[in-house]
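Sequence lines, in order, name chains A, B and C.
Going by our numbering, the first sequence opens with residue 1, and the numbers climb by one from there.
Going by our numbering, the second sequence opens with residue 1001, and the numbers climb by one from there.
Going by our numbering, the third sequence opens with residue 2001, and the numbers climb by one from there.
One should not assume that every hint holds.
Computed list of lysine-lysine pairs in BS3-like fashion (alpha-carbon distance at most 25 Å, straight line) [said to hold, decoys possible]:
| # | chain 1 | residue 1 | chain 2 | residue 2 |
| --- | --- | --- | --- | --- |
| 1 | B | Lys1048 | A | Lys213 |
| 2 | A | Lys21 | C | Lys2030 |
| 3 | A | Lys238 | C | Lys2030 |
| 4 | C | Lys2008 | A | Lys14 |
| 5 | B | Lys1354 | B | Lys1276 |
| 6 | A | Lys14 | C | Lys2030 |
| 7 | B | Lys1205 | A | Lys25 |
| 8 | C | Lys2030 | A | Lys231 |
| 9 | A | Lys21 | A | Lys246 |
| 10 | B | Lys1276 | B | Lys1360 |
| 11 | B | Lys1360 | B | Lys1326 |
| 12 | A | Lys198 | A | Lys246 |
| 13 | A | Lys25 | C | Lys2069 |
Okay, the calculated bits of chain A under chain C, using three or more residues with CB under 8 Å as the criterion [stated by the list, open to error]:
| # | region |
| --- | --- |
| 14 | 21-28 |
| 15 | 132-145 |
| 16 | 191-198 |
Because the hints were derived from the structure by calculation, they are not lab data.
Ideal Cβ placement from N, Cα and C applies to all residues, glycine included.
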Amino acid sequence: MSDVKTIAEPVQEKLVFDRPKSLTKRGFTYCPGCGHGVIHRLVAELIDEFGVQDRAIGMASVGCSVFSYWFFDCDFISCAHGRAPATATGVKRAHPDAFVFSYQGDGDLASIGMAEIMHAANRGEQITVIFVNNAIYGMTGGQMAPTTLENMVTTTSPLGRDPILAGGPIRMVEILANLDGVAFAARGSSSSPRNILKAKAYMKKAFRSQIEKKGFGIVEILSNCNTNWRKTPQEANKFIDEEMVKAFPLGVYKDVFADKSKK
Amino acid sequence: MSESQRELMKGNHAMCLGAIRSGARAYYGYPITPQNEATEYMSFHMPKAGGSFIQAESEIAAINMVFGAAAAGVRAMTSSSSPGISLKQEGISYIAMAELPCVIANVVRCGPGLGNIAPHQGDYFQATRGGGHGDYRTITLAPASVQEMAQLTYKAFDLADEYRNPSLILSDGVIGQMMEPVDLATIPAKDAPKKDWAVGLGQDKRERNVHTTIYLEPEDMAQMHLKLIDKYDRIRREVQYYEEFRTEDADILIVSYGNSSRVARTAIRHLREEGKVKAGMLRTISLWPYPYRILNEIASNYKAILVLEMNWGQMVEDVRLAIGDKTPIHFAGKHGGLLFTPAEIEEFVCAIDKDPNNPKTAWTPIR
Amino acid sequence: MPRIEVIKESCKGCQLCVPACPHGLVLFTKTEINQMGYYPVEYVDPEDKCTGCMLCAIICPDVAIRVYK
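Work out the full structure, taking the sequences as your base and the hints as a guide.
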C-alpha cells in the first residue's frame, strides 16, 4: 500500500543550493566577477553550518569590503583601517562565547594593519580572520599593495613593482604560522569551483579553531580584482592560477587539528 | 551618607580605582611616562575585578581594543600621556562617530614632539576641540587632586554612557604621580548599565546591532551630523562643571584648572592673609563643555581676570569667548614643564590689581 | 530532474559560470538587460542535461544561481 502512495506522489524537487541564511537580502555591491562575493558566501555558509549566527560578530575593514556589514546578517563593527584585529580583541574579551571574525583585505591587513594582525595572532586571540588577498588596493583605484607581485603594473607602480625599490609580495600566512598563538593558517583561492571548495574547507578549520578554543585562525584567500587588473573575470581567475600562486603557494601552513600531540 | 573611608593613593592609581568602581571591566594600555602606574595597577586589579586587561602592542591598538569593548557594551578605558594620546586620535574619532561610550585618560606631559615627562597643560586644545579628524567633541574633565582623579573618572563613565560619547580625563604628571588621601565612600562600587545597542550574544532574540562610522551619501552623513550636533548641544547645556573659590568679594578673578589651580589657591590665600589683594578663582572642572555660562555671568564683577595655564595660552581663548570685552583678560603661562610658584602668581595678581588695563600683560586675540 | 535557476536581478553578467558548466548549459546571450544594467546569463537545458553539480553556483560571486535536485 505504501508503494502505491509513493508512486502516486509527484517527485518532490529539493532546493540544494541557495543563498545562505546568514547573508542579508541585499545584493553585493562589488564589481562583476569579484571574488569578495564568493568569499562572503563561504563565510555565511559556515556561520549557518556551525549554527553561530545568533552570536557571530563581524569586523569590517577598510577597503572594498568596508560595507560587508550590509551583507552579513549579524552584529558588525566597521573598524578603522587595519585595526580590525584589535577591535575584535576588545569584542572577544568582552564576549568570550561570541564567534568573532574579521574580514580584511591585503592593504588593510598586510600594510597599515601589520602590527595589529601580528600581535592579535601572537596573543592567540580566539578570533577567525578571513584575509582576502587580491594583490592591489581595489577601493582606492588600483594602487600597489604589499602583496602586489613583482613587475605587476599598478597605478603607483606604473612600470611594474620593482622589488629593489618596493620589496616583494609579502606572504602573511607563512609569517603568521610561525607564531605560537596561531592554531590554523592556510592559503586558498577563489579562482575555480575546486579551489573554492578547498578554501571553504580551510575556513571551516579556522572557524573550528575559535569555536573549540584552540587559538587564532586565519585563512588567506587569493581573489581577483579584475577591474583594477584590467582583465575579464575569467582572465583574472586564470591569472591567480597561473601567476599569483607562484608568489603565494596554496596550502595549509599551520594546523592544530593535524598535530596529534597538540590535541 | 556612608562613613568616609580614606586611603592614601597615587593619582594614577586613584583614577584606575575610580574606573573599576564605576563598573569598568576593560582596560587596554601601552607604557608611557608619566602614566605607567595606571597600566601597572590595571594589569593586576582589572583581572581581579573580573575584567580584561591587555598591554597592547601600540597606543593605536589599545584605543581600537577599547572601540571593540565599548561596542560590546563593556565600560572600557585606556590611558596614556600626550604623545600616546596623539596616536590614539584616529580611534577616538571613530569611537565618537560610532557614538560609543568609553574613557580616555591623558596624564599630560610637556610637548610638542617627545618633549619631556614633566607636567604640562599643552593638550588643552587637542582635548577640547575633538583632537582627531572630523568635527566631534569629547567630554573633558580636569581633576585637580587625587580625590578628583578617582571621582571624576568615576563620573566620566556615567557621562560617557549617558551621552554615548567618549569622555576624557585631562590631568598631568603631577596629579598622576602625587599621593593624597581618597575618600573611597565617594566612589561606591557599582555595576555598569546594560546596553541594548551593544554587539554580542542572543541575536536571534533581537535586531542586529551594527556600529559604523562610514556614511558615503552626504545626505546620510548630514543626518548623522545633525544628530551629533543635537547631542553636543545637550551636553553643553547639561555639563558645565566648575568650582568657585573666594569669588564673592574678589577684585581679581583667576581662571585656572588642574595643577595650576592648586598653586593659584595657595597664592589667593596668601594674598588675602597679607591683606594685599582680594583675589578669587573660578576653577574649571569640565573643559569641554567649557563653563561659559557662569564665566559670562560673573565676569563683570571683577576688575580684571587672570588666566593661569601651564602652556602658551589655550584656555584663555575660551575665557575670551565667554566674556568678550566685558573685563580685561590677562594671561600668565608656564613653560617647559615647570610649575607655577605661589610667589609669581601673587606678583602677577598684584600688578594686575594696580593696573587692570596694562597692555603688557593684557591678552587679546587682536595683534 | 536537476535544474538551476538564474536570479536575473542578481546576475552581473560576469560569465564565470559559463565555462564552469560541464555541459555548456549556461549561456551569455545578451538578450535582456536587468535593472542593474547587466546582461544576466541564461540557463538553456532542453535535453535535461543538468546534473545539479553546482559548479556554476559555487563560482557565482553574486549568489545568483539556485540549484534544485
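Problem - Straight-line alpha-carbon gap A/Lys14 to C/Lys2030, limit 25 Å - result: Outside the cut-off at roughly 30 Å; violated.
Handout entry: chain C covers the region 132-145 of chain A, three or more CB atoms within 8 Å, holds or violated
Key = Result for this restraint: violated, n = 0.
Practice task
Examine the region 21-28 of chain A for residues whose CB is less than 8 Å from any CB of chain C, and state whether their number is three or more.
Solution key: holds (count 3)
Practice task
Take the C-alpha atoms of B/Lys1276 and B/Lys1360, compute the straight-line distance between them, and say whether it is at most 25 Å.
Solution key: Holds, because 21 Å separates the two Cα atoms, which is no more than 25 Å.
Exercise for the section: Would you mind confirming whether the straight-line C-alpha gap from B/Lys1354 to B/Lys1276 stays at or under 25 Å? Expected result: Holds, at roughly 11 Å.
Handout entry: Pair hint outcome, A/Lys25 versus C/Lys2069 [Cα-Cα no greater than 25 Å]
Key = holds (23 Å)
Exercise for the section: Would you mind confirming whether the straight-line C-alpha gap from B/Lys1360 to B/Lys1326 stays at or under 25 Å? Expected result: holds (19 Å)
Practice task
With a cut-off of 25 Å on the C-alpha distance, tell me whether A/Lys198 and A/Lys246 pass.
Solution key: This hinted pair holds, its Cα atoms lying about 18 Å apart.
Practice task
Decide if the proposed pair is consistent with the structure: C/Lys2008 and A/Lys14, CA atoms, cutoff 25 Å inclusive.
Solution key: holds (20 Å)
Practice task
Decide if the proposed pair is consistent with the structure: A/Lys21 and C/Lys2030, CA atoms, cutoff 25 Å inclusive.
Solution key: Violated, because 31 Å separates the two Cα atoms, which is more than 25 Å.
Practice task
Starting from B/Lys1205, check that the Cα of A/Lys25 is at most 25 Å away, please.
Solution key: Holds, because 19 Å separates the two Cα atoms, which is no more than 25 Å.
Handout entry: 25 Å limit on alpha-carbon distance, applied to hinted pair B/Lys1048 and A/Lys213
Key = holds (23 Å)
The structure fails to meet hints 2, 6, 9, 15 from the earlier list, while all remaining hints are met.
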